[in-house]
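Novice: Could you build the full structure based on these sequences and the hints that come with them?
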Amino acid sequence: MRKNGRFRFFRQFFTIAVTAAMLVFLSVPGTFAGQIKELKIAIGVDADTLNPQEQTTTLFQNICDLIFDGMYFQDPQGKLHPRLLEKHTISDDGLTWTLHIRKGVKFSDGLPLNADVIKQTWDRVLNPKLRVPLRFAISMVKGCEKVDDHTVKLNMKYPFAPFDATISMALVSPISPAAIEKYGDDVRQHPVGAGPYKLKEWVKGDRIVLARNENYWGKAPTVDQLTFKIVPEATTREAMLRTGQIDVCYKPLPSNVASLKKLSNVTVDMPLDTRTIFMGLNCLKGATTNKKVRQAFNYAIDKKAIVNRILFNTAQPMDGPVSPKVFGYAKMDYQYDYNPEKAKQLLKEAKFDFSKTINMRTPNGRYLFDKQVAEVVQAQLQAIGVKVELRTYDWPTYVAGLLKPIEETELEVFLLGWGPLFLDADMALYGQFTSEVNPPKGLGSSFYTNAAYDEIMKESRKAQDPNKRFDLLKEASSIIWEDCPWIWLHVEKFVLAYSSNIKGMVVTPTEKFYPNHITME
Amino acid sequence: MINFLLKRLLSIIPVLLGISLLLFFMLRMLPGDPAQVLAGQMASPEDIEMIRTQLGLDQPVYIQYAAFLKRLVHLDLGRSARTQNPVTQEIWARLPNTILLALCAITLACAFGIPAGIIAAVRPYSWVDYLVTLASLIGISMPVFWLGIMMMILFSMTLNWLPAGGIGTWKHLIMPSFTLAAFVVAFIARMTRSSMLEVLSQDYVTTARSKGLQENLIIVKHALKNALIPIITVVGLQFGMLLGGAVLTETVFAWPGIGRLIVDSILARDYAMIQGTILIFGLLYTLINLLVDLIYAFVDPRIRYE
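Note that the protein sequences, when read in sequence, are chains A and B.
Using my numbering, you'd call the opening residue of the first sequence number 8 and step up by one each time.
Using my numbering, you'd call the opening residue of the second sequence number 815 and step up by one each time.
Bear in mind the hints are in silico, worked out from the structure with no lab data behind them.
Just so you know, even glycine gets a beta-carbon here, dropped at the ideal spot from N, CA and C.
Do not take every clue at face value.
Taking lysine-lysine and the BS3-like style, the derived pairs with C-alpha atoms no more than 27 Å apart in a straight line are [as the list claims (entries may be wrong)]: (1) B:K1025 x B:K1035; (2) B:K884 x A:K136; (3) B:K985 x A:K44; (4) A:K355 x A:K299; (5) A:K258 x A:K207; (6) B:K985 x A:K207; (7) A:K465 x A:K160; (8) B:K985 x A:K211; (9) A:K448 x A:K465; (10) A:K292 x A:K411.
Some, not all, of what chain A presents toward chain B, calculated at C-beta under 7 Å [unchecked claim]: (11) R138; (12) V238; (13) E240; (14) R249; (15) T250; (16) T404; (17) A407.
Some residues of chain A that are not near chain B, with every Cβ distance over 10 Å (derived) [to be verified]: (18) K44; (19) L102; (20) K110; (21) K149; (22) A186; (23) V273; (24) D276; (25) I317; (26) Q352; (27) E396; (28) T399; (29) A470; (30) E482; (31) L503.
Specialist: Given below as structure tokens:
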């Protein structure tokens, strides 16, 4: 009898336990094995706006991508994957692009994404009254027309072959029309998109919290909540990663990368970036108008030493005018390896006036060790007998000086960085070296002017065949490589450190990372 | 008393006006264009011009100032150029954090500084006195940045007792408050010491001693009370400093306060935000000064405000 009672008790207990376990399991919809509750990411600054049309900072374009999703997604290899668009077709003259919108996509507020929304998005991006700082990137678009519920047509001012990669940018990600209507301009505080996440909480100066979007059309992310903690000091971010207070550390100090790599519980990802750092040389005014002088300056600088000794190998010397990560990159046939003797020889041939002082400028704190890099360049130019005076500026002052027209410009030698926003050489080769972008119209502050070069770059924009376009970009690269409007310094690396039990993090050369589908052991 | 208070409160207005005027024109003399910084490196000249118009920066400076004053009357500090949010909203989101941290730091600093100063004064030129002097010297000379990181290495990374940064629990408060207090405690200890030394040599202390009063009682009741005025002054000034000068501590410990907001705003040439935060600091500083004056009267009945 007693034995029987005990057995009954166990059976009852067992039943209750199983039922309870099932109830718990069933009451948490969408939770399954491998689901991660929260991923904590430490970043350096708070967002100014989460309106993708207004954003200029890669990190927040990254967060916008998570909230809004893009028309296309460009993976780290440069391949485009359809997202909000299924595909596109281009007319033979390259002047009409037809975009086919994915069916069944809903915003996180439940509103459907259709041709009207996409047209509204293009109208907003093109509207000169709205603040769209990156508008230049889509300035070839004349206007957008609705074709049917899931198709729109874009009319172009001129053919632009890399336009498909262009629209992978958050710049043209659609915002829910209901949110625009409800919040007006303040939609930047209340972003509503069709991406895998939605904004849950934004505590100014402290954190931005994203939660999974239950209405997302695509593959559900494995992380329920992404918390971006704002930790301005890189050392503190690193300490928080080491102590497990956070899972992902955005841009740790380059000087600490080596020691982080040695830790068994930390993974350091550092893909090559699209951003190149260079010393611009004024091609229209002053001592650097002579090509031989510009080449001499290139031979005078030990770029490998800069990368090794100053940047702790978080960069790589340039071996072509663009980053190896972009389409159109080709390693150049000859390199300007460190050779002070050759530099002196070239200066002699150019009848360089050694009595004159060259004026060099650098921003301070804008790029990794920018001032220190400029100091090395100064020292190495002085080593071949060139007198150089170096001045440092904070960024707002510096950038104001960059945009002055040739008559007013004081620029002779100046440090700058240029990072194409998607993986294509056009933004660098066209956006820095065509005569069209000479200041004040653009930031081609070297004032490089070459009609033949301009012609090749225009041709490349028309070339819809990738092979043909590649050849043209390579040809343009060779011309510019020889003419040296820059001292070709280095390509930066994007450093992301995270807990080593995270697998499957997608880190891109445009300084973005996507933890949507990670797994944790 | 009420009259005094009213007069003092009214006198804050010209002070703030002075600050705003100076600041307004000084900011606009700085090189660099907010519109350009906002638009980013790649923007076209038309878009930069459009942003400049939106921000009202195409207007002459005196018109901009008039508009600023007009808004100020309605307690509107304008909108941040960078985030386009009302400046008051951005400040409100962070000010409580700054005040909390400053209060904790000043409490800690008093709790350590005043006793240390008293002990040093009671046994002048003894080893205790030298120890306090040495500790003060170290406290003043230690860069906040360095101390913060050292504490982080010890208490977060090695011992794993405290979080390295951020806000949330009382544990998050400990390291930033101590770091801030380390600097202030030195000032308070030194001021307490010298003020106490002066008082302890007064005749009434000698009288009290000759009456046979207990030494403890003499120090706390007779001497300290009379030595308090300069100490309160220093505490008040330091508290004002803490409100505005915690930038480094806030940065090191990822404390979302006002200091960091100011630095970011200056780097972006966000005029409205810089003006707003500095004005708020000016206001807080004058209010603290007023409070200190009121405490004087409370501590020393001879001080009366008519």
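Novice: Run every hint past the structure and note whether it holds.
Specialist: Against the structure, the hints come out as follows:
1. This hinted pair checks out: K1025 of chain B and K1035 of chain B have alpha carbons roughly 14 Å apart, not beyond 27 Å.
2. Annotation: proposed proximity of K884 of chain B to K136 of chain A holds, straight-line Cα distance about 26 Å (limit 27 Å).
3. Restraint check for K985 of chain B and K44 of chain A: satisfied, since their Cα atoms lie roughly 24 Å apart, inside the 27 Å limit.
4. Of the pairs offered as hints, the one joining K355 of chain A and K299 of chain A holds, with about 9 Å between alpha carbons and a cut-off of 27 Å not exceeded.
5. At most 27 Å may separate the alpha-carbon atoms for a hinted pair to count; K258 of chain A and K207 of chain A meet this at roughly 25 Å.
6. The suggested pairing of K985 of chain B with K207 of chain A holds, with an alpha-carbon distance near 25 Å, which does not exceed 27 Å.
7. Only pairs whose Cα atoms come within 27 Å are accepted, and K465 of chain A paired with K160 of chain A is accepted, the gap being roughly 23 Å.
8. A threshold of 27 Å between alpha carbons decides the hint, and for K985 of chain B with K211 of chain A the separation of about 21 Å falls inside it, so the pair holds.
9. A threshold of 27 Å between alpha carbons decides the hint, and for K448 of chain A with K465 of chain A the separation of about 17 Å falls inside it, so the pair holds.
10. A distance of roughly 13 Å separates the Cα atoms of K292 of chain A and K411 of chain A; the hinted pair therefore holds under the 27 Å criterion.
11. Given hint, R138 of chain A at the interface with chain B, holds; its Cβ is 6 Å from that chain's nearest Cβ, closer than 7 Å.
12. For V238 of chain A, the shortest C-beta to C-beta distance to chain B is roughly 4 Å, which falls under 7 Å, so the interface hint holds.
13. Against a cut-off of 7 Å between C-beta atoms, the interface hint on E240 of chain A holds, since the closest Cβ of chain B lies about 5 Å away.
14. The interface hint given for R249 of chain A is met, as the beta carbon of that residue sits about 6 Å from the closest beta carbon of chain B, less than 7 Å.
15. The closest approach between the C-beta of T250 of chain A and any C-beta of chain B is roughly 5 Å, which is under the 7 Å cut-off, so the hint is satisfied.
16. A distance limit of 7 Å between C-beta atoms decides the matter here; for T404 of chain A the minimum to chain B is near 4 Å, and the interface restraint holds.
17. For A407 of chain A, the suggested interface contact is upheld, since its CB lies about 5 Å from the closest CB of chain B, less than 7 Å.
18. Every C-beta of chain B lies more than 10 Å from that of K44 of chain A, the closest at about 17 Å, which supports listing it as non-interface.
19. With a least beta-carbon separation of about 22 Å from chain B, L102 of chain A lies farther than 10 Å from that chain, consistent with its non-interface assignment.
20. No beta-carbon of chain B comes within 10 Å of the beta-carbon of K110 of chain A; the shortest separation is about 34 Å.
21. Interface exclusion of K149 of chain A from chain B stands, the closest Cβ pair being 16 Å apart, more than 10 Å.
22. The beta carbon of A186 of chain A is kept farther than 10 Å from every beta carbon of chain B, the shortest such distance being approximately 16 Å.
23. Under the 10 Å C-beta cut-off, the non-interface status given to V273 of chain A relative to chain B holds; the minimum distance is some 13 Å.
24. Annotated as non-interface, D276 of chain A keeps its C-beta farther than 10 Å from every C-beta of chain B; the closest such distance is 22 Å.
25. Every CB of chain B is more than 10 Å from the CB of I317 of chain A (nearest about 22 Å), matching its label as outside the interface.
26. No Cβ of chain B comes within 10 Å of the Cβ of Q352 of chain A; the nearest lies about 36 Å off, and the non-interface call holds.
27. The claim that E396 of chain A lies off the interface holds: its Cβ sits roughly 18 Å from the closest Cβ of chain B, which is beyond the 10 Å cut-off.
28. Under the 10 Å C-beta cut-off, the non-interface status given to T399 of chain A relative to chain B holds; the minimum distance is some 13 Å.
29. Distance check for A470 of chain A against chain B: the nearest CB is about 23 Å away, which clears 10 Å, and the non-interface claim stands.
30. E482 of chain A, annotated as away from the interface, keeps every beta carbon of chain B farther than 10 Å; the closest lies near 25 Å.
31. With a least beta-carbon separation of about 18 Å from chain B, L503 of chain A lies farther than 10 Å from that chain, consistent with its non-interface assignment.
The structure is consistent with each of the numbered hints, conforming to all of them.
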